[in-house]
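Engineer: All chains should be modelled from the sequences, with the hints used to inform the complete structure.
Throughout the sequence shown, residue numbering follows the working numbering, covering 399 to 517 in sequence.
Since the hints were derived computationally from the structure, they do not count as laboratory data.
Since this is a predicted model, take the numbers as computed values, not measurements.
For every residue, glycine included, the Cβ atom is placed at its ideal position computed from N, Cα and C.
Keep in mind that a hint or two might mislead.
Unchecked claim - Below, a list of computed lysine to any residue pairs in the SDA-like style, where the Cα atoms sit at most 25 Å apart: (1) Lys472 <-> Arg501; (2) Lys472 <-> Asp504; (3) Lys467 <-> Asp481; (4) Lys472 <-> Leu508; (5) Lys472 <-> Asp413.
What the hints assert, rightly or not - Distance ranges between label pairs, derived from CB positions: (6) Gly492 <-> Gln460: 21 to 27 Å; (7) Trp423 <-> Arg488: 16 to 22 Å; (8) Glu446 <-> Gly505: 17 to 23 Å.
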Amino acid sequence: MSDETAREPARDPQDLERLLIDRQWAGDIEGMLALFEPDAIVDSGGGELIRGRQAIRALFEQSFASGRKFQRGKQRPAIVNGDLALTSTRLPDGSITTEVARRQPDGTWLWAIDRYSVT
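Structural biologist: Okay, here's the thing in structure tokens:
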């Protein structure tokens with residue numbers, strides 16, 4: 399069984415945040431990337447959008463190199479409209495993340511857009 403098939407999928411959009419943090423704390427960059435659509439966009443607050451898994455991988459590698467760990471926060475209930483969901487979390491520092499997830503053909507969820515912090 400490959401790593402990809404061994405990983406728990408996000409069966410609900412609310413699963414994505416937990417899985418991302420668990421995988422980051424476990425050092426599993428590939429598992430983190432598996433939670434994003436191939437052409438996903440990330441706004442990490444650096445002034446430019448990061449597009450696609452290759453660029454997102456580089457962002458996560460930088461995060462690992464710096465020792466920065468994502469923190470768990472208070473997740474708001476997802477707002478689901480058909481195959482789209484808006485997810486958000488208030489972090490311990492008061493910032494709020496927002497994400498757009500899309501239901502995949504197999505019924506699992508992946509993030510299409512991730513904004514680290516809305517201030």
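Engineer: A separate judgement is required for each hint: does it hold in the structure or not?
Structural biologist: Cross-check of the supplied hints:
no.: 1; hint: Lys472 <-> Arg501; in the structure: holds (23 Å)
no.: 2; hint: Lys472 <-> Asp504; in the structure: violated (28 Å)
no.: 3; hint: Lys467 <-> Asp481; in the structure: violated (30 Å)
no.: 4; hint: Lys472 <-> Leu508; in the structure: holds (20 Å)
no.: 5; hint: Lys472 <-> Asp413; in the structure: holds (13 Å)
no.: 6; hint: Gly492 <-> Gln460: 21 to 27 Å; in the structure: holds (24 Å)
no.: 7; hint: Trp423 <-> Arg488: 16 to 22 Å; in the structure: holds (19 Å)
no.: 8; hint: Glu446 <-> Gly505: 17 to 23 Å; in the structure: violated (33 Å)
Hint check: violations occur at hints 2, 3 and 8; the rest are consistent with the structure.
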